[in-house]
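> Since chain A is already given, all that's left is putting chain B on it; use the hints.
As a plain string of letters, each chain reads:
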Amino acid sequence: MPDIQVHTLITRSAAILATDVDGETILMHLEHGSYYGLKGTARHIWEMIERPMRFGDLCAGLVEKYASTPDRIGQDVAKFLREMADEGVITLD
Amino acid sequence: MPALSPALRLLLTCCRRSPDSTQLDAAAGGLRDWSRITDLARHHLVVPQVLLHLKRAAPSLVPKDALADLSAEGRRAAVLNLLHLAELRQLAANHLIPSQIRYLVIKGVGISARYYAHVSLRQSRDIDLLVDPRRLLELTTALMDDGYRLSDARLVDNANDLRAYCAMHAEINMISPRGVVIQLHQLLDFTGCQYPVGTDELFDLAEPVAIGQDTHPVMPTLELFVYLAYHHGRHQWSRLHWIADLDAVISHPSFDTNAVLARADVLGMRPVVRAALDLHEVLTGKSEHASKPPLSKQLISDCLHYIQEDASPPELERESQRGTGSGIVKSWLRNFQFNWRANNHWHNRCRYIFSISRPTYADYIFLPLPESLFWLYRLLRPIRWVYEIARGRPVGDLKSRPDAH
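Chains as they are written, first to last, in our numbering: chain A, 1 to 93; chain B, 94 to 498.
Don't take every hint at face value.
As the list claims (entries may be wrong) - With a Cα cut of at most 25 Å, we get these calculated SDA-like pairs of lysine to any residue:
id	chain 1	residue 1	chain 2	residue 2
1	A	Lys79	A	Arg43
2	B	Lys148	A	Thr25
3	B	Lys157	A	Glu24
4	A	Lys65	B	Lys157
5	A	Lys39	B	Ala210
These are computed hints drawn from the structure, not numbers from a lab.
The shape of chain A in the complex, shown without the other chains (with noise of 0.2 Å):
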């Protein structure tokens, strides 16, 4: 899998779907079958990836949010987008 740069452009997988139950997503993929439970800050980033978005774009919006420096931000949120691409949840162009 390539680096997560500034301007990787993440993108929900087509074969996901999700609801919200108890302030948690719950997504499944329609080819595994697999379940995940999104909560708390990993919830707020599906959300905030409903639309295709730039990693650049992510962190700012995760800056003005949460109070920690932006590349301890960047290192953790390239670190689940990497996971969750491995998965097949989104895609990262």
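Positioned in the frame of chain A, the structure of chain B alone reads:
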């Protein structure tokens, strides 16, 4: 109105789309025993609504254990709903659309997608599809080839069995490879045989609605409401998720009481539609039980009786009655009486009489005939019906077969 237990009163309050917070606080505050609330909500398929409203309005009144139980159950319901969406998508993409088989999504995710804020706010047990009856056999065969199985597959051994099975069943129950139950209906309300709109007309009336990531045809609101009023009325409005649907549909912007009543008049179904509206008014405290027409009063009483924790479901009561000849007659007469009172068109009122000649798959099992002779079952059925009454139980009843479960 009969007295309702505090738990039931709370669940009923939660069945409203936007319950009054004072009523919700009062109902939650009055509940001392929370141990059965999850079981009761699960039984009535209203866990998501109860969870949502209790967390919004009265979280401090709910014990942590009860909230954790509800939360876990709500999550399970949400996952199941997603599974249903995935199944529907696959069914449409792999079978219905490529084969150009007309279909409608009735109830289930069709209702949650259109009338609830999220698909996970309504529990669904299965996927109900109305499909073109002329293509039912073809579709069933294709699904079986694709790994789906009939829920009572042991009764079908060959192609002629399957033809009879499709011809004589109200709906075909199938289990998908993912384990989702799918009901393929060839006619709305086959059992009551009273809903007077044909399948082709329903397809023509259908409206596209976004369900999950796709668009599927569903019944327009006014048609759906008339159907639900009739169908759930026939089942005494005995489940709270039906009550929740009633409120959700009535609260939806597409709902117009006058249009619904006008459609009910065209179909001759004003009494049963009026009863559904009256039930909603009484349950939401907008009017009194005593001032309603006879059918409304009856259905309101039935509903309040059958939703009680200790009441047997009406279907079970009827099933147990069928064990005697008089029970079979009583059960038939009760259905006939309901259809008579639900409708004010004479020809529709009398349609139920013809249910006596509608063949069952048990008739086929009793005497398997080739398809060209299936019409003979129409002559045979009334004779067998009389024999069943004399004998005190259905002849060739599938449940009485030694290998049946």
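> With reference to the structure, classify each hint as holding or not holding.
Structure-based check of all given hints:
Using a Cα cut-off of 25 Å, the hinted pair Lys79 (chain A) and Arg43 (chain A) holds, with the two alpha carbons roughly 15 Å apart. This hinted pair checks out: Lys148 (chain B) and Thr25 (chain A) have alpha carbons roughly 16 Å apart, not beyond 25 Å. With a C-alpha separation of about 18 Å, the suggested pairing of Lys157 (chain B) with Glu24 (chain A) holds against the 25 Å cut-off. Distance check on the hinted pair: Lys65 (chain A) and Lys157 (chain B) sit about 30 Å apart at the alpha-carbon level, beyond 25 Å; violated.
With a CA separation close to 19 Å, the supplied pair Lys39 (chain A) and Ala210 (chain B) stays within the 25 Å bound.
Comparing the model with each earlier hint shows a violation of hint 4 alone; every other hint is respected.
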